[in-house]
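Number of protein chains: 2
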Amino acid sequence: MQQYFIDAPIQATMTLENADILHHMYHVMRMEKGARIALCGSEGACYEMEIESLNKDNVSLKRLHKLRDIKHTVSITLAQALIRKTPFELTLQKGVELGMDAFIPLETDRTVVKINAKDAQKKHARFEKIVREASEQSRRSSVPEIHGSTPLERLDLTPYTHVFMPYENETTLGAKDAFQTLDKGDKILLIIGPEGGFSDREIKSLKDKGATSIALGPRILRSETASLYALSALSYELETR
Amino acid sequence: MQQYFIDAPIQATMTLENADILHHMYHVMRMEKGARIALCGSEGACYEMEIESLNKDNVSLKRLHKLRDIKHTVSITLAQALIRKTPFELTLQKGVELGMDAFIPLETDRTVVKINAKDAQKKHARFEKIVREASEQSRRSSVPEIHGSTPLERLDLTPYTHVFMPYENETTLGAKDAFQTLDKGDKILLIIGPEGGFSDREIKSLKDKGATSIALGPRILRSETASLYALSALSYELETR
Chain C
1492 MQQYFIDAPI QATMTLENAD ILHHMYHVMR MEKGARIALC GSEGACYEME
1542 IESLNKDNVS LKRLHKLRDI KHTVSITLAQ ALIRKTPFEL TLQKGVELGM
1592 DAFIPLETDR TVVKINAKDA QKKHARFEKI VREASEQSRR SSVPEIHGST
1642 PLERLDLTPY THVFMPYENE TTLGAKDAFQ TLDKGDKILL IIGPEGGFSD
1692 REIKSLKDKG ATSIALGPRI LRSETASLYA LSALSYELET R
Chain S
1492 MQQYFIDAPI QATMTLENAD ILHHMYHVMR MEKGARIALC GSEGACYEME
1542 IESLNKDNVS LKRLHKLRDI KHTVSITLAQ ALIRKTPFEL TLQKGVELGM
1592 DAFIPLETDR TVVKINAKDA QKKHARFEKI VREASEQSRR SSVPEIHGST
1642 PLERLDLTPY THVFMPYENE TTLGAKDAFQ TLDKGDKILL IIGPEGGFSD
1692 REIKSLKDKG ATSIALGPRI LRSETASLYA LSALSYELET R
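Those sequence lines, one after another, are chains C and S. To convert a position in the first sequence, counted from 1, into our numbering, add 1491. To convert a position in the second sequence, counted from 1, into our numbering, add 1491.
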């Protein structure tokens, strides 16, 4: 069933005029009266809705029932160092599929890519589009929040119960040793460095602030692969037993 | 340390004339006499080598010592249904980083993308290049083998001790229940369907031949994401405790 997100609460009957959604329903999917969609509202819940009428300008919907809420038992924020466009956007799209709840683009000592002030708004809109589409595709009931680009030294670690930082020189603590102690309700921050890793200064500062470095297996992973590995491992550990 | 693969065994002293490697060493990395590289040979082992002389046409190397062998305790073959070029090539590159040992492109009932006979050789050469580069980057000691495009009904399941097939309608067996029973020396085949999944006929046939369907968490994953998730989970379960 096709899923859409709107920026308003879901009502018993409602008419939508959102151009993107209407284009998709009318022109792309060629839906008709009687067809059903999943519609997710600003309250963070999704409902099965039936189309009562549809033309190219608006659609009238009737609410049928609430859909199953797919949620991790923990909350996961991914703070991903800025890297080249293609792998960076991959971490956004796959991060949504793999269960992240929030995303923070990070500026680090070895970050080569920068988001300049002039492009910041356009970039943010593009990131939001990627995340929204991935949320629809993977049938999430809410769209993960994307923060503005943040320098590592300004990243606030205090809202989280656990802060993990994959680090290739870490030889003692494996991801499994770290993740299998997690509990329902934990707030997890994953901090992923750029190509070339964090600087020694950054590693020390993060550890001083309470971050735990972990190893993600014996191979050298690219930055984006480390993100996908860590998110997959969290889902595997917490969602598939 | 930069790593390269050659199609010959490593000797105590050796001179290479491989154009790709020389271009990379001489023009891209601008290496000089005395610099060290990791060189992996056809015997499946890598050695630290010192450059004794280097010009644009050949390089003379002296073997120093064997490097640590990074190997899963199990062998993993990824049979990935053919999907669009970008995500398909992503499964190849990331599959290498995440520890697969062999790769089989699969033709299934719902496979839209085909490799026609005319392009097969060119495609295979491209796949080999992606896998070789990813093996160098992730410091693997051997390059995973890529099989030719194979129709699902001709896929031989008998060489494997375990055959797993992620399947979104599977609600009973989680990946963790399945993977935590694995032992050293197991030969694992992961079968990943195309966008749209396997047909009912294919699911039945695979189960009849001994494949086990598993669930990879509650969200709907794209085909390529399912591959990355399953490989990450295997590494997490077997390599990080």
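Hints in this document: simulated from the structure, not taken from any laboratory. Predicted model, so just to flag it, every value in this text is computed and none were measured. Be a bit skeptical, because a hint or two may be false.
Put simply, identical chains are the same to the list, so a pair is met inside one copy or across any two.
To be verified - Derived lysine to aspartate or glutamate pairs resembling DMTMM-like cross-links, with alpha carbons at most 25 Å apart:
1) Lys1562 / Asp1668
2) Lys1576 / Asp1699
3) Lys1698 / Asp1560
4) Lys1562 / Glu1659
5) Lys1576 / Glu1627
6) Lys1547 / Asp1691
7) Lys1557 / Glu1659
8) Lys1562 / Glu1686
9) Lys1698 / Glu1580
10) Lys1675 / Glu1523
11) Lys1576 / Glu1624
12) Lys1698 / Asp1647
13) Lys1562 / Asp1691
14) Lys1620 / Glu1580
Alpha-carbon proximity between lysine 1698 and aspartate 1647, which holds within one copy, between copies, both or neither at 25 Å: within (13 Å within a copy, 49 Å between copies)
Up to 25 Å CA-CA - aspartate 1691 versus lysine 1562, copy category: neither (36 Å within a copy, 28 Å between copies)
Within, between, both or neither: lysine 1698, glutamate 1580 at alpha-carbon 25 Å: neither (28 Å within a copy, 36 Å between copies)
Copy assignment of lysine 1576 with glutamate 1624, given that the CA separation must stay at most 25 Å: Both. Shortest intra-copy (18 Å) and inter-copy (20 Å) distances satisfy the 25 Å Cα cut-off.
Identical-chain pair category, lysine 1698 with aspartate 1560, by Cα at 25 Å: neither (35 Å within a copy, 30 Å between copies)
Intra- versus inter-subunit Cα pairing at 25 Å for lysine 1576 with glutamate 1627: both (22 Å within a copy, 22 Å between copies)
Identical-chain pair category, lysine 1562 with glutamate 1686, by Cα at 25 Å: between (31 Å within a copy, 23 Å between copies)
Up to 25 Å CA-CA - aspartate 1691 versus lysine 1547, copy category: Intra 57 Å, inter 36 Å, cutoff 25 Å: neither.
Homomeric proximity label, lysine 1557 with glutamate 1659: Cα distance no greater than 25 Å: Only across copies: lysine 1557 and glutamate 1659 sit 20 Å apart there, 44 Å inside one copy, limit 25 Å.
Homo-oligomer pair classification [aspartate 1699, lysine 1576; C-alpha up to 25 Å]: neither (31 Å within a copy, 44 Å between copies)
Alpha-carbon proximity context of lysine 1675 and glutamate 1523, limit 25 Å: Classified as neither; 42 Å inside a copy, 55 Å across copies.
Intra/inter-copy verdict for lysine 1562 and aspartate 1668 if alpha-carbon distance must be at most 25 Å: both (23 Å within a copy, 20 Å between copies)
Violated hints for the displayed structure, listed by number in ascending order: 2, 3, 6, 9, 10 and 13.
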